[in-house]
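S.K.: Next come the chains, spelled out residue by residue.
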Amino acid sequence: MKKIIIILILVAFLEPLNLFAYGVYQKPEKFIAEVFSGNTPPPNILWITKSMRIDVKKILGRDLGVLRMRFWERNGSTVWILEEIGKEKPITVGFVVKGSIIANVKVLIFRESRGDEVRHSFFLDQFRGATLESSRQLDRNIDGISGATLSVRALIKLSRLALYLHNQSGVDDGAP
Amino acid sequence: MGRHKKKNKIRWRSVFLWHRYLGLVATTFVLILTLTGLVLSHTDSLKLSSKKVDSKTLLGWYGIKAPDFAVSYRAGNNWVSQFGKHIYFNEKEITGASASLTGALIVNNIIVVAGQDTVFLLTDEGEFIERLSGVHGVPDMIERIGLDSTGQLVVQAGSSDYTVDDNFLEWEKTEAVNVDWVTKETVSDIMLAKLVNAHRGSGLSMERVMLDIHSGRILGVWGVYLMDAIVVLFLVLSISGVWVWATRKK
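Taken in sequence, the protein lines are chains D and B. Per my numbering: the first sequence = residues 1 to 176. Per my numbering: the second sequence = residues 1 to 250.
The hints are simulated quantities; they were obtained by calculation from the structure and are not laboratory data. Treat the hints with care, as some may be off.
Straight-line Cα separation of at most 25 angstroms, BS3-like style, residue types lysine-lysine; simulated pairs [claimed, not checked]:
no., chain 1, residue 1, chain 2, residue 2
1, D, K87, B, K51
2, B, K194, B, K92
3, B, K65, B, K85
4, D, K157, B, K51
5, D, K57, B, K92
6, D, K57, B, K51
7, B, K52, D, K89
8, B, K85, D, K87
9, B, K173, D, K27
10, B, K194, B, K184
11, B, K92, D, K89
12, D, K157, B, K47
13, B, K51, D, K89
14, D, K50, B, K92
15, B, K92, B, K56
16, D, K57, D, K98
17, B, K173, D, K30
18, D, K57, D, K89
19, B, K184, B, K65
20, B, K47, D, K87
21, B, K52, D, K87
22, B, K47, D, K58
23, B, K85, D, K89
24, D, K58, B, K51
25, B, K47, D, K89
26, B, K52, D, K57
27, D, K87, B, K92
28, B, K47, D, K57
Derived list of chain D stretches under chain B, where covered just means 3 residues or more per stretch with a C-beta under 8 angstroms from a C-beta of chain B [what the hints assert, rightly or not]:
no., region
29, 23-36
30, 39-45
31, 55-67
These figures come from a predicted structure and were not determined experimentally. Think of the CB as a built atom: it goes at the ideal place given N, C-alpha and C, for glycine as much as any other residue.
The shape of chain D in the complex, shown without the other chains (with noise of 0.2 angstroms):
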């Protein structure tokens, strides 16, 4: 009964501090710093030309809206860390490209107010060993989430976008 008590007041204590900040799920540099295992190699760049323009507003609709694009690298694995806007807030995205196929995602930051279901693995691996085809669509469907279908397309563009952005970066990842 005391360690109820205990828990119910820590509870209530913690709350207000609000120790889980609103949607970030994993902050960006940790999610790099996790994939690289606390070795973090400095950050490459890759300079988006007018032809890639052109390829990367077929992707997401839009232009990308900026000239160069960070990302981290070793041993063949990229890593980005994407955006794209679901319903009026921005998502951000970690994804992991080994291959030519998407090693791994993660929703690192979700500020809409609904459809955050896309975080969740069950949705994710469905992401994990696609590829991009020369159409620039992925390899397979994504099933949607009903009420989530804004964010669940954010989530198909940045993952052609993680794609593409790795095919072009020049990293000799041994894929053919």
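Place chain B on chain D using the hints.
M.R.: Just chain B now, kept in the frame of chain D:
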């Protein structure tokens, strides 16, 4: 005609007349609701959330007023200004940049715009090169920026100074001396007028206006009550319409 039948006829006629007049009253609201509803069903394809209202009347109705002054820094031949909660490169809004502009300058032909925890890199034509934040090593709580005697960017955040390499990849603490910190300047009246125009066009989306008209909220809380009353009116019309149809059949 029997008394009973005459009474029924009067009642039917009363309901019919009420139905007709209420229908006329409802027509305007039906038009408003159907048109706004139709538009809102296609919000994404019409990109209503990104289309901004620049009507002074409408912006004034929403209480969106331009601030009286801008916080500006000169970067070469360009101005970087904070106006209200938005940051502008000349009169073009820097998308994704919000309040607390702490400085702007040129280094290595790149325009550096600093917020409190974000640094934007722009070309001298205002094109976005990159947006840097904590994940890129940018320090928190930036207070001011400047150039040291070698022309390198120095950022003061908290009680520490930081520099970054020429490619803006690696940030590190430094003991900076002889830093020429940037200072705010006053824009010309012409630039201020441009900022006012740009500001008016950045605050209110078409989607918001459509939603408010659809819900009645554009008239405040009484507009919402009005729409509630219209809903009741529609219910009454539906019931009276069915009653008129059913009794007419007889």
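S.K.: Each of the hints needs a verdict: does it hold here or not?
M.R.: Status of each hint after checking the structure:
1. K87/D <-> K51/B: 14 angstroms, holds
2. K194/B <-> K92/B: 9 angstroms, holds
3. K65/B <-> K85/B: Holds. K65/B to K85/B sits at ~12 angstroms (cutoff 25 angstroms).
4. K157/D <-> K51/B: 22 angstroms, holds
5. K57/D <-> K92/B: With Cα atoms ~22 angstroms apart, K57/D and K92/B stay inside 25 angstroms; holds.
6. K57/D <-> K51/B: 19 angstroms, holds
7. K52/B <-> K89/D: 17 angstroms, holds
8. K85/B <-> K87/D: 21 angstroms, holds
9. K173/B <-> K27/D: 22 angstroms, holds
10. K194/B <-> K184/B: 18 angstroms, holds
11. K92/B <-> K89/D: 21 angstroms, holds
12. K157/D <-> K47/B: Distance ~18 angstroms between K157/D and K47/B Cα, so the pair holds.
13. K51/B <-> K89/D: 16 angstroms, holds
14. K50/D <-> K92/B: 22 angstroms, holds
15. K92/B <-> K56/B: 19 angstroms, holds
16. K57/D <-> K98/D: Roughly 23 angstroms separates the two Cα atoms, so the pair holds.
17. K173/B <-> K30/D: 20 angstroms, holds
18. K57/D <-> K89/D: 19 angstroms, holds
19. K184/B <-> K65/B: Cα-Cα ~23 angstroms, so holds.
20. K47/B <-> K87/D: Judged against 25 angstroms, a Cα distance of about 11 angstroms means the pair holds.
21. K52/B <-> K87/D: Holds - the C-alpha atoms of K87/D and K52/B are around 16 angstroms apart, at most 25 angstroms.
22. K47/B <-> K58/D: Distance ~17 angstroms between K47/B and K58/D Cα, so the pair holds.
23. K85/B <-> K89/D: Roughly 17 angstroms separates the two Cα atoms, so the pair holds.
24. K58/D <-> K51/B: 21 angstroms, holds
25. K47/B <-> K89/D: 15 angstroms, holds
26. K52/B <-> K57/D: Roughly 22 angstroms between the alpha carbons, so the hint for K52/B and K57/D holds.
27. K87/D <-> K92/B: 24 angstroms, holds
28. K47/B <-> K57/D: Holds, at about 16 angstroms.
29. 23-36: holds (count 4)
30. 39-45: holds (count 3)
31. 55-67: holds (count 3)
When held up to the earlier numbered hints, the structure conflicts with none and fits them all.
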